[in-house]
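Asks: What follows is the residue order along each chain.
Number of protein chains: 2
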Amino acid sequence: MEQQIAPLAHLAEQFGRLPGIGRKSAQRLAYAIVTMPESEAKAFADAILSAQRTVRRCSLCCDWTDQEICAVCRSAKRDASLLCVVEDPRDVAAIERTHEYHGLFHVLHGVISPLNGIGPEDLTVKELLARFEDAAVREVIMATNPTVEGEATAIYLSRLIKPLGVRVSRLAYGVPVGADLEYADEVTLARALEGRRDI
Amino acid sequence: MEQQIAPLAHLAEQFGRLPGIGRKSAQRLAYAIVTMPESEAKAFADAILSAQRTVRRCSLCCDWTDQEICAVCRSAKRDASLLCVVEDPRDVAAIERTHEYHGLFHVLHGVISPLNGIGPEDLTVKELLARFEDAAVREVIMATNPTVEGEATAIYLSRLIKPLGVRVSRLAYGVPVGADLEYADEVTLARALEGRRDI
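One line per chain: the protein sequences are A and B, in this order. Heads up: the first sequence begins at 1 in the working numbering, then just goes up one per residue. Heads up: the second sequence begins at 200 in the working numbering, then just goes up one per residue.
Mixed in with the good hints, there may be bad ones.
[To be verified] Far from chain A, some chain B residues (derived; all Cβ distances over 12 Å):
#: 1; residue: LEU210
#: 2; residue: PRO236
#: 3; residue: VAL254
#: 4; residue: CYS257
#: 5; residue: ARG289
#: 6; residue: PRO345
#: 7; residue: GLU385
[What the hints assert, rightly or not] Derived EDC-like pairs (lysine to aspartate or glutamate); straight-line CA-CA distance at most 16 Å:
#: 8; chain 1: A; residue 1: LYS24; chain 2: B; residue 2: GLU338
#: 9; chain 1: B; residue 1: LYS223; chain 2: A; residue 2: ASP88
#: 10; chain 1: A; residue 1: LYS77; chain 2: A; residue 2: ASP46
#: 11; chain 1: B; residue 1: LYS276; chain 2: B; residue 2: GLU295
#: 12; chain 1: B; residue 1: LYS223; chain 2: A; residue 2: GLU13
#: 13; chain 1: A; residue 1: LYS24; chain 2: A; residue 2: GLU13
#: 14; chain 1: B; residue 1: LYS241; chain 2: A; residue 2: ASP46
#: 15; chain 1: B; residue 1: LYS276; chain 2: B; residue 2: GLU299
#: 16; chain 1: B; residue 1: LYS361; chain 2: B; residue 2: GLU338
#: 17; chain 1: B; residue 1: LYS361; chain 2: B; residue 2: GLU332
#: 18; chain 1: B; residue 1: LYS223; chain 2: B; residue 2: GLU239
#: 19; chain 1: A; residue 1: LYS126; chain 2: A; residue 2: GLU87
#: 20; chain 1: A; residue 1: LYS42; chain 2: B; residue 2: GLU212
#: 21; chain 1: A; residue 1: LYS77; chain 2: A; residue 2: GLU100
#: 22; chain 1: A; residue 1: LYS42; chain 2: B; residue 2: GLU299
#: 23; chain 1: A; residue 1: LYS24; chain 2: B; residue 2: ASP290
#: 24; chain 1: B; residue 1: LYS223; chain 2: A; residue 2: GLU100
#: 25; chain 1: B; residue 1: LYS325; chain 2: B; residue 2: GLU295
#: 26; chain 1: A; residue 1: LYS24; chain 2: B; residue 2: GLU295
#: 27; chain 1: B; residue 1: LYS241; chain 2: A; residue 2: ASP122
To be clear, the hints were calculated from the coordinates, so they are not data collected in a lab. The C-beta atom is built at its ideal place from N, Cα and C for all residues, glycine as well.
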């Protein structure tokens, strides 16, 4: 009978539309909202509206920002000769957490995937190419995911970018730090051998 | 730099307060909101506010409802002589999904847990005892979780209810259907042996 409580079922349905939230999780989250004080529920609803309204793509790198140009693109401390191309804004966050990269980013917002009907025109490729017009960029690091589609996208873009006289590199493949060789898949292990370095 | 987009970080923080949502999931969900059309984000925010405002405890069984009395308690088709006591509204939903139970429910909204400072006065025990006043109930099924606390709560309540001349039963313990005996824990297996039935 549970399912007949319309506002609760409706809220669970809304949660269920979010990525990675199944039916049970959606119901659990809806219950959590119901037990919240009104002020907290209101703060949550406001946060949703505010984020949806104010967050947009940076007009340079296409990462999310609440400004016209994002903080990374505006920063004078970043090396504008380096451009790291990623699929998703979350990848920017992941690379930023390494504290090892000081160049700029470009977010594709997806990956070329003919099977899903996603071509270069659905990504921010035009915006990426526009960034080479002032010729400050010397190297582009392709940091798309190490998947078939990520690989294909990296190759596609490198063919567009190399003729502009810009160096194009790709993230190193290899065994993840802390992993157990026994459980590494053969392709990764083969790539790790191939890419071995002197110590 | 990602983390500096205030509305996005704030929304992720809100998601992160929900049960079972870790830091990474919260961020993923916040990103999903940002990519939604405004109408969808608005529908989501409205669903939160509406559920929080309209859903309350049924004045009889304490399950969630958007009415004064919930659909189960109002139904003339339910057997009012049977009362199933559960910890959580989600347990009501789980039992309803079996389509095997036609009695009424009582939701405790928790379980006695001295370590967490939760006593009977924090649960809906008073409301439960009030339900025996009109003497329609013949049997109470204790369907609290098969945990130490669920067990202790069931025993505590049965000591209050039995003197009223009401039969008190407990869900059967045993091996879950479809499980592998090899992986069943000893306590469950011992209980399954103890509770064996003739075939």
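Asks: Now tell me, hint by hint, if it's right for this structure.
Replies: Hint check:
no.: 1; hint: LEU210; verdict: violated, 4 Å
no.: 2; hint: PRO236; verdict: violated, 9 Å
no.: 3; hint: VAL254; verdict: violated, 5 Å
no.: 4; hint: CYS257; verdict: violated, 10 Å
no.: 5; hint: ARG289; verdict: violated, 7 Å
no.: 6; hint: PRO345; verdict: holds, 19 Å
no.: 7; hint: GLU385; verdict: holds, 28 Å
no.: 8; hint: LYS24(A) <-> GLU338(B); verdict: violated, 30 Å
no.: 9; hint: LYS223(B) <-> ASP88(A); verdict: holds, 14 Å
no.: 10; hint: LYS77(A) <-> ASP46(A); verdict: violated, 34 Å
no.: 11; hint: LYS276(B) <-> GLU295(B); verdict: holds, 14 Å
no.: 12; hint: LYS223(B) <-> GLU13(A); verdict: violated, 22 Å
no.: 13; hint: LYS24(A) <-> GLU13(A); verdict: holds, 11 Å
no.: 14; hint: LYS241(B) <-> ASP46(A); verdict: holds, 10 Å
no.: 15; hint: LYS276(B) <-> GLU299(B); verdict: holds, 13 Å
no.: 16; hint: LYS361(B) <-> GLU338(B); verdict: holds, 10 Å
no.: 17; hint: LYS361(B) <-> GLU332(B); verdict: holds, 14 Å
no.: 18; hint: LYS223(B) <-> GLU239(B); verdict: violated, 22 Å
no.: 19; hint: LYS126(A) <-> GLU87(A); verdict: holds, 15 Å
no.: 20; hint: LYS42(A) <-> GLU212(B); verdict: holds, 14 Å
no.: 21; hint: LYS77(A) <-> GLU100(A); verdict: holds, 13 Å
no.: 22; hint: LYS42(A) <-> GLU299(B); verdict: violated, 39 Å
no.: 23; hint: LYS24(A) <-> ASP290(B); verdict: holds, 12 Å
no.: 24; hint: LYS223(B) <-> GLU100(A); verdict: violated, 21 Å
no.: 25; hint: LYS325(B) <-> GLU295(B); verdict: violated, 24 Å
no.: 26; hint: LYS24(A) <-> GLU295(B); verdict: holds, 15 Å
no.: 27; hint: LYS241(B) <-> ASP122(A); verdict: violated, 26 Å
Checked against the numbered hints given earlier, this structure breaks hints 1, 2, 3, 4, 5, 8, 10, 12, 18, 22, 24, 25, 27; the rest are met.
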